[in-house]
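Those protein sequences? They're chains S and W, same order as listed.
Note that the first sequence covers residues 1 to 254 in our numbering.
Note that the second sequence covers residues 1001 to 1167 in our numbering.
A portion of the hints provided could be inaccurate.
What the hints assert, rightly or not - To be clear about the criterion: a stretch of chain S counts as covered by chain W if any three or more of its residues have a C-beta under 8 Å from a C-beta of chain W, and this derived list gives those stretches:
#1 36–46
#2 177–185
Unchecked claim - Negatives, chain S to chain W, calculated, CB over 12 Å:
#3 K150
#4 G156
#5 R244
#6 N246
#7 G251
Treat the hints as calculated values from the structure; they're not laboratory data.
Note that the structure is predicted; figures quoted are calculated from it, not measured.
The beta carbon of each residue, even a glycine, is placed where N, CA and C say it ideally should be.
Residue-level listing of the chains:
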Amino acid sequence: MAVKRFLAEWAALAGTAVVCALVANALTAPQRKLDWVGRYPDATEAPVALESRRESASPAAKPSSRQETASTQPVSGPAVSSGSAASPGPSGSGTEKSREKPATRKNKPAPAAAAKGTPNPATQTAPSPQGAFPPHPKQPWVEISAGQVKELFDRGAPFFDARRTADYEAGHIPGARSIPVWEAGVEEKIKKIYQEGLDPSAPIVVYCSGGECEDSHMLAKKLWDIGLNNVLVYKDGFPDWQKRGNPVHQGSQP
Amino acid sequence: VTRGPLLSWLTHPWLTIRLQIGLGVIFVAAALPKILDPPAFAHMVYNYRLVPSPLVNAMALAMPWFELLLGAALVLGLWRRTAAISLVGLLSIFIVAIGINLARAHPVNCGCFDVHAAGKSPAELLAEMRWVLLRDSGMLAAAALVLAGLSQRKTARALDAAAPTPR
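Just chain S, same shape as in the assembly (with noise of 0.2 Å):
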């Protein structure tokens, strides 16, 4: 009997949470909506510390010297800080399941890029136009140095803000756009910009707060995902940007 009414009870409390859970999702702000169900890489994995996977990025860490050309160039540019080496994705040193997942994605590339003939980055052996950064399609990122990042900018390169909504209104990178990866409708986002047909192996950079902050890699990962074969992550985000005297636009516009 005592079981039965703490089961009835328990129920009717956590029954009243939901419940409230969905109306105050309902009716709040949308940058502070959530989506119900999530989809978030590696949520049970715990990350390898930022050093050891630094460690693991080494060429000789590669399986393929193809995959090897594509993820040591943009670091071994002149431009790069001997600690900006390019990391493997965000499963580790490449395990056999990032290496898998490209070969199942690299025939769908963005549609108006596909309507224009683009040639599929994953079969390009012919020099990369793209110059110092060619295309990766086998890891959904690389991390560029502010050097780098620079040179994308002044190129005018797509660049994309991870951080929340509040923070993109407080400052962003003139003309990045705001894809906050913890707010609802990031999806929605992500599928417009597959709509756009941007090319698949132009670089693209995408950003967050530096430091500790893995919004820009989970980012990398959801655009890698539809197609992009040349997200670059700015690891030392927004505040190293501003550090640099670099300019800075605030507002909801990008």
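Given the structure of chain S, go ahead and fit chain W onto it with the hints provided.
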């Protein structure tokens, strides 16, 4: 039923009722920042790297309300037994979650009373996690005492009811 003086004192209503209200207030206070910013709390939940991807957001949305209701029930003295058992369960889960991450040296922001990362270094976070483990263990002990006090009073009432009525 014979009990030692220490146990009698620890399960005395004077103490357990105060613990019950104190725990209730703590849980209400802990729930509010999470309710006000679910995306930030979802980030905290994700950082523990223990909750499967599809459940991260659902947990971040519903759990703070559950905490709030448990806290309110304890403060108001409603469904105390159920609330105290649930509290013991929740605190045990928190302790296990922090313990696993401490064991694998994965620094996480607790997300207990504040859902915004304070920019602490990994070493600072690990030190803070040890303190959180201690604090949650203390709260677990307090919740267990509340539960023991409630059970004892229930038993006493049952014995009183079963005793023969004097003529």
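> Tell me, which hint numbers fail for this structure?
Replying inline: Hints that this structure does not satisfy do not exist here, as all of them hold.
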